[in-house]
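Trainee: Residue strings, one per chain:
Number of protein chains: 6
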Amino acid sequence: MKTYINEIKENDNVDSSFLVKEKSSGITKTGNAYLKLKLVDRSGEMEGRIWTSVENFTGTFDKDDFVHAMGKAVSFQEHLQLNINRIEKVGEEQILFSDFFPTTERDVGEMFQSLSEVIDRIKNPYLSKLLHLFWEDESFVKLFKMAPASKWVHHNYLGGLLEHTLSLVQLVLINAAHYDGLNLDLLVTASILHDLGKVEELSYHRSFDYSDEGRLLGHIILGIQKVEDKIRQLPDFPKELSTVLKHLLLSHHGQYMWGSPKRPMTLEAVMLHFLDDMDAKMNGIQQFMRKQVQEGSRWTAYHRTFEQYFYLPGFSVDMQVSDNMYETEITEE
Amino acid sequence: MKTYINEIKENDNVDSSFLVKEKSSGITKTGNAYLKLKLVDRSGEMEGRIWTSVENFTGTFDKDDFVHAMGKAVSFQEHLQLNINRIEKVGEEQILFSDFFPTTERDVGEMFQSLSEVIDRIKNPYLSKLLHLFWEDESFVKLFKMAPASKWVHHNYLGGLLEHTLSLVQLVLINAAHYDGLNLDLLVTASILHDLGKVEELSYHRSFDYSDEGRLLGHIILGIQKVEDKIRQLPDFPKELSTVLKHLLLSHHGQYMWGSPKRPMTLEAVMLHFLDDMDAKMNGIQQFMRKQVQEGSRWTAYHRTFEQYFYLPGFSVDMQVSDNMYETEITEE
Amino acid sequence: MKTYINEIKENDNVDSSFLVKEKSSGITKTGNAYLKLKLVDRSGEMEGRIWTSVENFTGTFDKDDFVHAMGKAVSFQEHLQLNINRIEKVGEEQILFSDFFPTTERDVGEMFQSLSEVIDRIKNPYLSKLLHLFWEDESFVKLFKMAPASKWVHHNYLGGLLEHTLSLVQLVLINAAHYDGLNLDLLVTASILHDLGKVEELSYHRSFDYSDEGRLLGHIILGIQKVEDKIRQLPDFPKELSTVLKHLLLSHHGQYMWGSPKRPMTLEAVMLHFLDDMDAKMNGIQQFMRKQVQEGSRWTAYHRTFEQYFYLPGFSVDMQVSDNMYETEITEE
Amino acid sequence: MKTYINEIKENDNVDSSFLVKEKSSGITKTGNAYLKLKLVDRSGEMEGRIWTSVENFTGTFDKDDFVHAMGKAVSFQEHLQLNINRIEKVGEEQILFSDFFPTTERDVGEMFQSLSEVIDRIKNPYLSKLLHLFWEDESFVKLFKMAPASKWVHHNYLGGLLEHTLSLVQLVLINAAHYDGLNLDLLVTASILHDLGKVEELSYHRSFDYSDEGRLLGHIILGIQKVEDKIRQLPDFPKELSTVLKHLLLSHHGQYMWGSPKRPMTLEAVMLHFLDDMDAKMNGIQQFMRKQVQEGSRWTAYHRTFEQYFYLPGFSVDMQVSDNMYETEITEE
Amino acid sequence: MKTYINEIKENDNVDSSFLVKEKSSGITKTGNAYLKLKLVDRSGEMEGRIWTSVENFTGTFDKDDFVHAMGKAVSFQEHLQLNINRIEKVGEEQILFSDFFPTTERDVGEMFQSLSEVIDRIKNPYLSKLLHLFWEDESFVKLFKMAPASKWVHHNYLGGLLEHTLSLVQLVLINAAHYDGLNLDLLVTASILHDLGKVEELSYHRSFDYSDEGRLLGHIILGIQKVEDKIRQLPDFPKELSTVLKHLLLSHHGQYMWGSPKRPMTLEAVMLHFLDDMDAKMNGIQQFMRKQVQEGSRWTAYHRTFEQYFYLPGFSVDMQVSDNMYETEITEE
Amino acid sequence: MKTYINEIKENDNVDSSFLVKEKSSGITKTGNAYLKLKLVDRSGEMEGRIWTSVENFTGTFDKDDFVHAMGKAVSFQEHLQLNINRIEKVGEEQILFSDFFPTTERDVGEMFQSLSEVIDRIKNPYLSKLLHLFWEDESFVKLFKMAPASKWVHHNYLGGLLEHTLSLVQLVLINAAHYDGLNLDLLVTASILHDLGKVEELSYHRSFDYSDEGRLLGHIILGIQKVEDKIRQLPDFPKELSTVLKHLLLSHHGQYMWGSPKRPMTLEAVMLHFLDDMDAKMNGIQQFMRKQVQEGSRWTAYHRTFEQYFYLPGFSVDMQVSDNMYETEITEE
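Protein chains in written order, with the numbering used here: chain F, 23 to 355; chain V, 23 to 355; chain G, 23 to 355; chain X, 23 to 355; chain A, 23 to 355; chain W, 23 to 355.
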């Protein structure tokens, strides 16, 4: 069982897995070699030291490896430090990523299943085949279930991309039904694919950052390329459909200034942009509110990206009425 | 029965109502006085002339009056002109505004009834009372049912404000249910009230334009004032609720550049802004597409306000699948 | 008599009033409870400790209270600390706000009197009555005399709002006389009222910050509401006059980007904007120069809001000629 | 005596001066040469024809010459045309520029005299000498009295530069007296010189346009050069004074976007910028209102440069109180 | 031989090829059917009429066809009109595109040969193979030689894309040699490929406009896709090389606002952007100067895209010195 | 010989020159006066102390003087400190500026010679004379050889202005030869003079910063003034040539926002702007890459002025082909 770093107290005997974020060697005043480690998990980080049998351990693991370590927590210069007796590398399959990185609170399998059911309802044969090609691509699916949706602004946790995608698809379904004449198959397909380039734009197996490809090309282009890859396997895919689908992906940021080389030119593209932007902001602000509202205040700290403060009204609980009541009535219409 | 101007042909005997847009007098080469009129209805405009008994008619009606006119359509310099034998002023109650101005295609009574039902479901007693005060204000209700939502960008027809408001309320209901922790009563109330200043910002009894108050203060401020008027009649109305409600109205344009003196600072305000903007654009583009896509092209003309072209995909009909299918499945969840 | 914190030296016996900014309790190594305070006044802040009779004092005052404290200043870890023997809460009426917060250097009573005299000269009966309603509103007047004009950019001290308002009125009087056809009553009234929303936008009884209403609505809207409140008490107040007066308040920031939802559309509004902006900048830069020009340099530090440096020419004293000479001549014309 | 073009009626015998805007020759159907002219003055333009003795007149004047013409006004194709019998070139000294171009309504001599009196009061010997060098430069003075202040936005008439300069100097004098610590000699000098580059930036002897130098360098740089020219004749002129004076000229547009390569960095520069901008806008809007408010409306047409409409309140006359009353009281203080 | 439309005079017998821009049928007053055509070539356009044997010709050609027509030019209502006796459709292979559209003045074959020689010098085997794949793709080469580089701003004539590409490659070669450490193979390859998406972005077989794909995706994305297509045929193509090459294409517009979804992040990308922008502007301004400088002026008309005027110095010829002299000296170094 | 500060180790006896950046006096615990110095050179800075014979040294040198100091390096509180036995002021002529400030790696004399040779090839007699006037101005030449080109963005080292100027001239020569119709003499002259105002804009004899004139007027205006100074000595210098030359200097930043009061209006001005901007960015990024790419990464740190990261492709060395090959081929054409 995982012991979280923020739970460890002085004199605890620790026996748990960690991620090695830094590793270097030193020499004690008495001339002996020792190893200095920085150990992390999702709850925090602490120093680790290996004072004995250094030669047995030093070559067995590296920076960025997951390890299993046993030792005792001691206090040194007002900080806890783990004096390690035994340590060994463990594979990714032996740990839970959610022990090491912030992770969606929702069930990944259920979310993926919900998306799959939406795909099954698509009637347009080309779009249906296209989506199934992605779904049958196991290495893609693995990453798609794991990737965060951004480095820090919104859905910035493992599974965040999937959570945001499902959320957007659901928003698109309910909003598109509100207007006449929209092509729902197109909209749903574009919603599912709109951010898929993020599986390559970000690196998230050890920490969240941009990959080289992510910085140089960006998720919009990476996504277009992946879609083109699959369309190439569908020789009859209509050209106009392909062009319009890519247009929706290209333009979903809405403005040149926000990184879209084209602005939305179809009704579907306009809707996709608004709902994607709204979902990202709603999630981002909700998370920021959870972390950044200080006791005794209804104001968050200053949000650097949005360049403003946010406010949580004080009456939000008392005045809330049942959502169901509204929903029931509305769906009756 | 109304005869529309664009249906009148040379030599027709015309017997119908018109709006007098211009009125002036002239002198024929033979020295006789005559009246020159410009007559309009929703289908177009034409010249009118009164050559005889001018003294009997000249004082009986004015520019901007509705009139009933009888006469014969003749061709003069390649344009049709109505030579009028009889003309008399008619009151607004004798004509249908929809014969003279572009008008919503939806039933105003039904839309208003739908909004009323939503109001009845609001549980917060203060917001409920506030909305009922508006609904009991007959002169407000009359204007609210009649006003367009803008001069030309979106819902620019009689009844457009009501149509846009109902649409936004419905969008808010379905989208708010998608997120946790939103105050639906607040959101619904703000949606209903968000554009109510437009009943005064625009003038629309003879043509669509801005009123003096509209240009000098704008619908956001005019709306805030109207809300404040009603809240004043509710002495116990909580101050924070009043402040946050007004914040939602103030910030619904989303950005300083778009005329909001504050940017959205609560989750409800963020959602209201996105859905309002989306609904305005979706309606505006749909209408623009109806009028501005030329035969043989899938592109609209250049949209001056949005500074771009829009595209109607050619496969929109063929690939459309049943909306119901999606909806049914989704609401099952 | 007030002893200022920056005057206290080691071993001084102190007997003075302070504002309690922070208050918490601790346990000494020997197991006794003590109180830790942070004491502030306009000159600085210092630590305070109550080591004895803690139970007698602890419930008698709170954070954000003004207190009278007696004790001895001792040095602890290179900082002065006040060991307090006696402490008691004092009411606001027993202290001078100017001992605790930066305060205008001008006489508040005289400034208010000058404004009152200007009001007495207004001939327009509606504007005159409107201003008198404000002047007769004692709670408003009290705040209006006390409020700063901003959190930090200009006139950021108690009485700053009044000082800025009077300054603007004087500027308006002399500049309006320079042009033909301006409505002076309107301009003077709008100048007096232009920032009155700041009495609610800012909180300034314990430190300078934005109030909730200030952040959510802003002083422009708060001011419009206050004006509307008073106008409501004057049933004959002409509608166009009310609209144009509010337009001047709304548009006085001049640009959408600076928070005005309307740009100035009348000559009076244009002038009000320029002179208000000029007065704010002149005061803000003058104050910044006083504090931020370092010895041996004529350059200020970098001004974060204005994003630039300012320069004090070195010849400013030597080359200065008598202002009077110019003034006399000009008023002769 | 000048006969204005807009006063000429059919069959009038005309005997007056005009400016020849276009000149070309033609051949009548009967094979005779004739001259086609376009004649203009400040009131309008008309066609001119010389049918006889063409060979006597053709070489005696050119396009852009002033001429004295005698002939008869006839109607041709619904337009008046002047059939000319005699025509001769006249020198600039024989005409009044104000007959041909829009001209200030104020007395140029008096305005110049007012400026001269201000200069005489400057005590700083270097600034005083600098200004006198300009005043003694006859060719400069001639152009300075004649130039407009802009092509079309404000003071766009002969004498407009002088009128704007005097207005700015007066504004500076009254506003600078309102603040402590400003260097009035510096401010007055910079005000007088701030736009002097416009005597070269614009061409205005035949029509208002930009000169080549004006377009390529702009009046700010042209003005700096002229000032540098004169300072060069004053060997003791202090370097810092010269630098700061030039800084005021350089930065008087206030922002990079408005063509100033430096933003105002001294208090004097800040004030100069605001008052110059205010005076230009006040004059520009006043003139626009005179020409562009249509009967029955209080709104101007759309102002292309300012991108908005302007409003003339309807109560401006009735509610106006005596300026003198205010002024008298204020100057007593 | 082609007879150009702007050379045709009244009563000429015409026997030449034209492009049919419009085609419709009418009825003469005597009840006979006739055909109305609008004929164009690169020199202008004229009306065409077929009065006789209409039934023989009407189905043999369509709008947007090239035709060979014989007939007589007559004058009708002050315009020339071609009364056609015989007309027949001709294939594209029978006409010269340069007779119908503006065309580069340089030799297309020679330019292509120059580019080919540069390609032959590329040593990097992957980039070399990539470029040869394009060069071996005949349908691409045909379009690449024919496409203009833009609809109207620069190189807006047939062959313009090739001309601009060659120019950019030459600029890159001489500028890259000036700096250390640049990867010339990468730069040259990116220069050759940077605008290749324009072969699909624009349509230019009948008139210059954007294609549907061009408007919806843009030449940057279309180009990336084409490059990806070819790279897919080179299985060993290094991934980083592919990423960086695409980055250069993506970022060559330099700014988000100018349609690049990424800004240049490598030295090569920075140089490519500057030289591409410079070459486009130099060509665009040179062409604008040729057409838009009016006699007697050194100023062009106002350039709508660049929002300014341009100036041709008057001394450009006289003061020009031999380029060779400079060049010789420099290359000696 | 200079001993660099970063080479000094504990217990070294030091005998070298330094720049005194700070100087103050203190009192030891035993009541003796001592001197505290901060000594700097191009490699770093260290503390200096004079404990003995203080009265002999204290008046012999000042802050910002160069000194020769002898003493011993000791360790105090983990930092090295120089205990000085002897110290004396030395003149600028006795030290090498390159020992104290970052300095170009290229040979200043050779660079200046290269520029001189270009000047000798200019045929236009006025431009030639103008440049020779600068070259004969010894005090100018001395500063021109020494000045950096900016405070920190590019060529920010002694000799940087000369290096950038020569680089730009070479770029201009090779690029101008690529286009027809450019005036090379004008372009070369403007390139040589474009940044000459920087010799006064920056101060660089003790550290790099802006001078008062630099901040108040900027190098563009300072440069124009210097050029005007010299042109004044050439009475026949043609006015249009002078105007256009100054236009090139004024507009070389390309945009209002970047501090140019005019945008480029001639072909030569357009080219000058692009190449100047490119050269500054290429140098700035190259230098940033040298210092700011961390081991194990190909990404630089975040560049605050350019607001982005830069990337050094990993294949840059391996794939590099010979520049000569390209060059040879090209110059053959």
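Keep in mind the hints are simulated off the structure, nothing from the lab.
Please note that a few of the clues may not be correct.
Here's a subset of chain F near chain G, in silico, CB distances under 10 Å, partners left out [what the hints assert, rightly or not]:
no., residue
1, F156
2, W157
3, R320
4, F328
Distance windows between CB atoms, simulated [what the hints assert, rightly or not]:
no., chain 1, residue 1, chain 2, residue 2, range
5, X, K313, V, Q316, 47 to 53 Å
6, A, P147, F, Q314, 52 to 58 Å
7, F, F98, W, G318, 45 to 51 Å
Since we're looking at a predicted model, the values are computed, not measured.
No residue lacks a Cβ here, since even glycine has one placed at the ideal position from N, Cα and C.
Trainee: Against this structure, judge whether each hint is valid.
Mentor: How the hints compare with the structure:
The beta carbon of F/F156 is not positioned within 10 Å of any beta carbon in chain G (closest approach about 44 Å), and the interface hint is therefore violated. A least Cβ separation of about 46 Å between F/W157 and chain G goes past the 10 Å threshold, and the interface hint is therefore violated. A least Cβ separation of about 7 Å between F/R320 and chain G falls short of the 10 Å threshold, and the interface hint therefore holds. Hint status for F/F328 relative to chain G: violated, with the closest Cβ pair at about 14 Å, above 10 Å.
Restraint check, X/K313 to V/Q316: a C-beta distance of roughly 39 Å breaks the suggested window 47 to 53 Å. At roughly 54 Å, the beta-carbon separation of A/P147 and F/Q314 lies within the given 52 to 58 Å, and the hint holds. A hinted range of 45 to 51 Å is violated for the C-beta pair F/F98 and W/G318, which are about 29 Å apart.
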